[in-house]
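Residue numbers (the UniProt record's numbering): 1 to 159.
Errors might be hidden in some of the hints.
[Unchecked claim] Straight-line C-alpha distance at most 25 angstroms; calculated SDA-like pairs for lysine to any residue:
no., residue 1, residue 2
1, 17, 52
2, 111, 65
3, 16, 48
4, 30, 138
5, 16, 122
Source of the hints: derived by calculation from the structure; they are not laboratory data.
Values in this document were obtained by computation on a predicted structure and should not be read as measured data.
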Amino acid sequence: MEVEIVERNAFTAVGKKRTFSVENDAQKEKISQFWQEANANGDAERINELAEFATIDGILGVCQMNGDQMDYYIAIESELTPPADMEKLTIPASKWAIFKSVGPLPNAIQKVWEYIYGEWFQTSNYTHGNAPELEVYTEGDTTAADYYSEVWIPVVEKD
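I would like the entire structure built from these sequences, with the hints used as guidance.
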């Protein structure tokens with residue numbers, strides 16, 4: 001699997017947040033439902049419209065662990081003040097391992113997550129950094145065999 005390591009300054013994102021339990025991988029189905037709702041009710045389109053000087057090409061899924069809970073944001077890189085029903089979060093400066101995913105959602109990106117935690121961390125020269133994980137969803141047909149998305153993992157080099 002293709003992995004690119006990049007360093008990036010801190011940036012802000014604006015979006016909607018939900019909190020999910022990660023017990024027994026319960027978050028997988030709930031996150032898919034969150035996206036379906038956001039696409040159906042127009043939230044994803046409203047979030048996308050908040051992009052201002054975005055350097056990340058896509059709408060974000062921001063995963064921030066909090067014990068046995070995960071705060072998950074559907075967000076966009078933006079410096080704008082969020083609408084009342086959305087939140088702003090700061091993504092700290094970090095070194096990122098960027099994993100490319102090609103294929104229909106959610107299966108393709110879930111396979112990338114399985115690779116990251118099932119193989120990559122065990123064999124790489126990196127450990128998890130202190131920042132949220134990002135999913136980057138580009139425009140296009142998310143059911144297509146050639147749909148492109150990314151997973152960004154904050155990393156630090158092993159001693």
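To see whether the hints hold, each was checked on the structure:
About 20 angstroms separates the Cα atoms of residue 17 and residue 52, which keeps this hinted pair within 25 angstroms; it holds. With a C-alpha separation of about 20 angstroms, the suggested pairing of residue 111 with residue 65 holds against the 25 angstroms cut-off. About 11 angstroms separates the Cα atoms of residue 16 and residue 48, which keeps this hinted pair within 25 angstroms; it holds. A distance of roughly 21 angstroms separates the Cα atoms of residue 30 and residue 138; the hinted pair therefore holds under the 25 angstroms criterion.
Our distance criterion of 25 angstroms between C-alpha atoms is broken by residue 16 and residue 122, whose separation comes to about 33 angstroms.
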